[in-house]
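Chains as they are written, first to last, in my numbering: chain R, 1 to 343; chain Y, 1001 to 1790.
By construction, these hints were calculated from the structure, which means they are not laboratory data. Hints are not guaranteed to be accurate.
To be verified - Once the Cα atoms are required to be at most 25 Å apart in a straight line, the calculated SDA-like pairs of lysine to any residue come out as: (1) Y/K1730 x Y/S1698; (2) Y/K1558 x R/Q116; (3) Y/K1162 x R/H150; (4) R/K238 x Y/S1698; (5) Y/K1103 x Y/Y1115; (6) R/K230 x Y/F1483; (7) R/K234 x R/H150.
What the hints assert, rightly or not - Some chain R residues close to chain Y (C-beta under 7 Å, calculated; not the full set): (8) V49; (9) G125; (10) L161; (11) S221; (12) P251; (13) P255; (14) H276.
Claimed, not checked - A few chain R positions that, by computed beta-carbon distances, are all more than 10 Å from chain Y: (15) D52; (16) G235; (17) P264.
C-beta: ideal position from N, C-alpha, C; glycine also.
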Amino acid sequence: MKERIENLSKLFDQKIKDVTDEKQLEELRLEFIGKKGSVSLLMNDFRNVSNDQKREVGMLVNALKQKVETEVENLKQKLSDQKLENELKSQKRFDFTMPVNPKTGALNPRTILQKQIVDLFVSMGFIIEDGNEIETEYNNFDSVNVPRSHPARDMQDTFWLDNGEVLKTQTTAAQNRILRTHGPKCRVLFPGRCFRNEEIDATHENTFFQIEGVVVDENVSVSNLIYFMKEMLKGVFKKDVNVRMRPGFFPFTEPSFELDATCPICGGKGCNACSHTGWMELCPCGMIHPNVLKEAGIDPEKYNGFAFGLGFDRLVMIKTGLEDIRSLNGANIKLLSQFETKI
Amino acid sequence: MKISINWIKEFVDLDGIEPEELVKRFNLATAEIEGYELKGKDTYNVVFGKVLEVKNHPESNHLHILKVDVKKEVLQIVCGAPNVREGMVTAVALVGGCVCGHKISPAKLVGVDSYGMCCSAFELGIGGDDEGIMDITEDVEIGQDIKEYLPIDDVVFEVDNKTLTNRPDLWGHYGMAREFSVIFDRKLKNLEVDDLSKYDKLPPLHIKNNSFNCYRYSGISVDNVQVKKSPLKMAVRLYYAGMRDINLLADITNYLMLELGQPMHAFDHDVVHGIEVVEAKKGDKLLTLEGQEHEMPEGAVVIADDKKVPVAIAGIKGGLKASISDETVNVLFESATFDPVAIRKTSRAIGLVTDASQRYEKSLDPEMTTLAIARLLKLLKQIDPKIKVSSSLTDTYKKEYPLPVIEIDEEFISRRIGEKVEKKEIVKILTKLGFSVTEKGQKLEVVVPSYRATKDVSMKEDLVEEIARIRGYDNITPRPLNFEPKPTTLNKAVAEEYNVKYMLAVKYNVCEVHTYIWNYSDFNEAHHIDSPSVVRLMDSSLAGQSGIRSALMPTLLKVVSDNRNQLSNIRVFEVGRVAPSLDENNLVNEEKHLCVVLASQNEKPEDLLEELRMFIVDYAKQNLAIDINFKEGQVPSYLNPYNSAHIVSREGDWGYLGLVHPKVASSIDKRLNIAALEVNFGELSSKEGYYKKVKVPSKFQSVNLDVSILTPNTMKYGDLDQILNKYRSKILNGYRLYDIYEDPSLEGNRSITIRYELCGKDHTLEGKEIDEFLSGLIAHLAKNKLSIKK
Chain R
1 MKERIENLSK LFDQKIKDVT DEKQLEELRL EFIGKKGSVS LLMNDFRNVS
51 NDQKREVGML VNALKQKVET EVENLKQKLS DQKLENELKS QKRFDFTMPV
101 NPKTGALNPR TILQKQIVDL FVSMGFIIED GNEIETEYNN FDSVNVPRSH
151 PARDMQDTFW LDNGEVLKTQ TTAAQNRILR THGPKCRVLF PGRCFRNEEI
201 DATHENTFFQ IEGVVVDENV SVSNLIYFMK EMLKGVFKKD VNVRMRPGFF
251 PFTEPSFELD ATCPICGGKG CNACSHTGWM ELCPCGMIHP NVLKEAGIDP
301 EKYNGFAFGL GFDRLVMIKT GLEDIRSLNG ANIKLLSQFE TKI
Chain Y
1001 MKISINWIKE FVDLDGIEPE ELVKRFNLAT AEIEGYELKG KDTYNVVFGK
1051 VLEVKNHPES NHLHILKVDV KKEVLQIVCG APNVREGMVT AVALVGGCVC
1101 GHKISPAKLV GVDSYGMCCS AFELGIGGDD EGIMDITEDV EIGQDIKEYL
1151 PIDDVVFEVD NKTLTNRPDL WGHYGMAREF SVIFDRKLKN LEVDDLSKYD
1201 KLPPLHIKNN SFNCYRYSGI SVDNVQVKKS PLKMAVRLYY AGMRDINLLA
1251 DITNYLMLEL GQPMHAFDHD VVHGIEVVEA KKGDKLLTLE GQEHEMPEGA
1301 VVIADDKKVP VAIAGIKGGL KASISDETVN VLFESATFDP VAIRKTSRAI
1351 GLVTDASQRY EKSLDPEMTT LAIARLLKLL KQIDPKIKVS SSLTDTYKKE
1401 YPLPVIEIDE EFISRRIGEK VEKKEIVKIL TKLGFSVTEK GQKLEVVVPS
1451 YRATKDVSMK EDLVEEIARI RGYDNITPRP LNFEPKPTTL NKAVAEEYNV
1501 KYMLAVKYNV CEVHTYIWNY SDFNEAHHID SPSVVRLMDS SLAGQSGIRS
1551 ALMPTLLKVV SDNRNQLSNI RVFEVGRVAP SLDENNLVNE EKHLCVVLAS
1601 QNEKPEDLLE ELRMFIVDYA KQNLAIDINF KEGQVPSYLN PYNSAHIVSR
1651 EGDWGYLGLV HPKVASSIDK RLNIAALEVN FGELSSKEGY YKKVKVPSKF
1701 QSVNLDVSIL TPNTMKYGDL DQILNKYRSK ILNGYRLYDI YEDPSLEGNR
1751 SITIRYELCG KDHTLEGKEI DEFLSGLIAH LAKNKLSIKK
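Construct the complete structure from the given sequences, taking the supplied hints into account.
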């Protein structure tokens, strides 16, 4: 009996080697462990086995049956995997090197850079505000210490409207309202579109964007302003920037400064963009004039602060490499759509 | 403005400081120097020579052959100057020498040898005269290098006038010298002047000042001026500073202006016997020195003679009639100060900006008028010692600027700068700048000098600037601010602007543009767009663009028009400001609008509209939690009235969308379908709905029930929806539009299939419950005169 079991096992080992498809495998299965399979038939002869061997033979038969089941099952899985593999191989294949054109619109490069700057200022604790484009004479001039007789008020420089209002000439027009809203301890950034009555050419626009910031607190000093401007420009240009300050003159601030930064294009070596000086005038700024604070209801003896304006369009041109400032206001879609959402 | 360092050095010793250093420090402390020129660098080996003999050139009718004595030798020089004559002293460039970069070597001119070159002032770069060679009448030494006699070697700075706007004291060399003396800590020399009190006993001039815009008018007269031509040294200085020599009397007033910043004028005293300062009457005209006639605006300050005939436009330009001529021997000098705004306005009105008007606009110090006269007499006497002052100093002083007295202390200055500044240093800087400083205990009492008191310096902060800039801003250590950190976020209006822009660009494939605020009336008219402005520019020099837009859509339609030849799909949006109306105080109700325009040659109009509808519902839902609906209503005439709708929500009416009126669209481009949307974005984005509470879905299986409802073709889905919305049931989870079937067999109706989702909260639905739901629905529809399609 033991011998038969042994032989059957050997036979099975031999036969399974020749199986190449599921049909043959099923035949093999039936041949051995089907109802009339040779392993099942072994059981018929089980009664002839002597009692003392029954236990041992029983185990051997079961082991053989299990072996056949397992090996058939394994081979079945293997054959089906092979079949799938063959099918996959013969299927149509996708060309991953085809060009990909995700559909996307575009933001004006100003929006992209403005958002970057706004995020930078939010991270420095600034509140971001919005302002009107049409302003009263009071907001645009009187409240921010522009004298009645200042040439900026002339028709040659300012767009006056027939109802007595103006197209705001600088973002400072929003300062009075902002200082009143946010009180004496504040840091606020307010981007905005401004207008000047100028002849338009590649470097001059009558419609342009500025970004202005104010910081008011107790004991703000010129040294704080310099620190701050440096940090800000570092954030904008994503590298260390040298700055220098020169005297400037604006009615809104006293003292007033022109802030130059190392030319971001040539790195200070001198190029056409910086008129070969290595410096670029980027940021008019100064300590807020006491009259401006007073007019906003803030006591200039107790509080003071600084304000700065970023020549934003110029920055956009540096960042984008656009050379004609008019292209920012023009609607040349073929040009503008190239920026998508990053610059 | 051009600044000569030689001139500066007359008042302050700047020896040992390189031009680069002067420029750098001045730029950082005072004002912007745009560049500088090294004068005389390329001119050398030029000497004074005497023309001994002039012979005509045998082969040329304009050349002469000269014998010129240059002391060491007598040179043969061929010369083409028309003014050459025997006995004349001129400038001779020697062989081996150089004239403004042009090297001199022996030459043959039309066959005749020439050893040197006789030069004009222009060729030497020291004057404007190029009519002939220099005709030197001054007593010079033959053979002497002209550089030993004339200040040809010089450094000339070009200062950016804009940066001097608030510094009237820097519009002359003496003021500049003071500034340099402080920056480099050198001593400023006193100005040499004549003592005017000597003339107090002489009769006064007839001077009447009838204008409040003339702050001060000082005059003095001088007789017996015999010298007509300015000394060469003076001519060179004038030329380097950007002016030309004309005649001594005109030149000396210009010289004084360049030196002290005080414009002066010389009248022929035999023509003008007295001065009356008046204001122009309508139609008053003046013929200027240049022969141009100017009509003066009414009220302009005018200098008239004692018969009230205008002789000059005050502070701007002198008239021809009383000007200095070759015959003038007796002269009346004017030194005056005027209201800066009055001068600026007149200057703009007549379109004439002069060296004088530029200075007056900056608020000149009236204290300078008499100083300028005293200085002028001193110089004039040196040039022409025989002159005779014929009047006393006659002075009308109407408006004196008060001298501000400012109290400061070391602590305030240090705190504002952010650096410790010693009292000693403060006193030193201010004193050198001309402030008078008195110590009063801890405090300093500072009196502003008159030349800084006209508008520039009046308060403590101004003194902070003086101290900080002279110490150097680059000597300030940057220090962080102390402040309490507070959480910040974007203001909602700003945040939503970015949100909507990113959504349109990224999700809806639209391109953002920035357009001007003008209303393009010509474009609008040409394309049947009716969009009038409520405000206009006062100055309509921007022809055709004088109005301010009241809506964005017309401008974006112009963008479509401008791009139609480049693109077949134009998808643009703008978030921009418009002026749609005025309030009761006549102020603009400014609104921030969003406009999206989709134009396409191949997409169907309904698809474009669908995109717009989708976008606005999507945006409002995602960002504002607001449910948008569309409602019929009045839209602008450039939209198709039958295919447009208002964009509304429970919170209000936000704007409209629709197809652009075919009349407009086809006028822009026949190939294009155009759909557009405009909302009051500022208002919409300020609203916030509420987000619905999350419902936990039932564990039991839900059932879909499709119901087809017959509705008249004229009935909008929205109307049906309102009816459906009112039918409630415990097992109703929700419903949505599933299908619309249109067919003539339905006889003026269409079949709208609604898919209901039904579900029991705590049990599996039974057929009976579904039947009850359906029969209830049928009854509800019947009440609204609707039936179900079997």
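Hints versus structure:
1. Y/K1730 x Y/S1698: At roughly 12 Å apart (the allowed maximum being 25 Å), Y/S1698 and Y/K1730 satisfy the hint.
2. Y/K1558 x R/Q116: Roughly 30 Å between the alpha carbons, so the hint for Y/K1558 and R/Q116 is violated.
3. Y/K1162 x R/H150: Since the Cα atoms of Y/K1162 and R/H150 sit roughly 14 Å apart, the hinted pair holds (cutoff 25 Å).
4. R/K238 x Y/S1698: Judged against 25 Å, a Cα distance of about 53 Å means the pair is violated.
5. Y/K1103 x Y/Y1115: holds (12 Å)
6. R/K230 x Y/F1483: holds (18 Å)
7. R/K234 x R/H150: This hinted pair is violated, its Cα atoms lying about 35 Å apart.
8. V49: Hint violated; R/V49 Cβ to chain Y Cβ min 58 Å, cut 7 Å.
9. G125: holds (6 Å)
10. L161: Holds: closest Cβ of chain Y sits about 5 Å from R/L161, inside 7 Å.
11. S221: Result: holds, 3 Å to nearest chain Y Cβ.
12. P251: Violated. Min distance 9 Å.
13. P255: holds (3 Å)
14. H276: For R/H276, the interface hint is violated, since the closest Cβ of chain Y sits about 10 Å away, which is over 7 Å.
15. D52: holds (61 Å)
16. G235: Holds: least Cβ distance 14 Å, greater than 10 Å.
17. P264: holds (19 Å)
The structure is inconsistent with the numbered hints 2, 4, 7, 8, 12, 14, although it conforms to all the rest.
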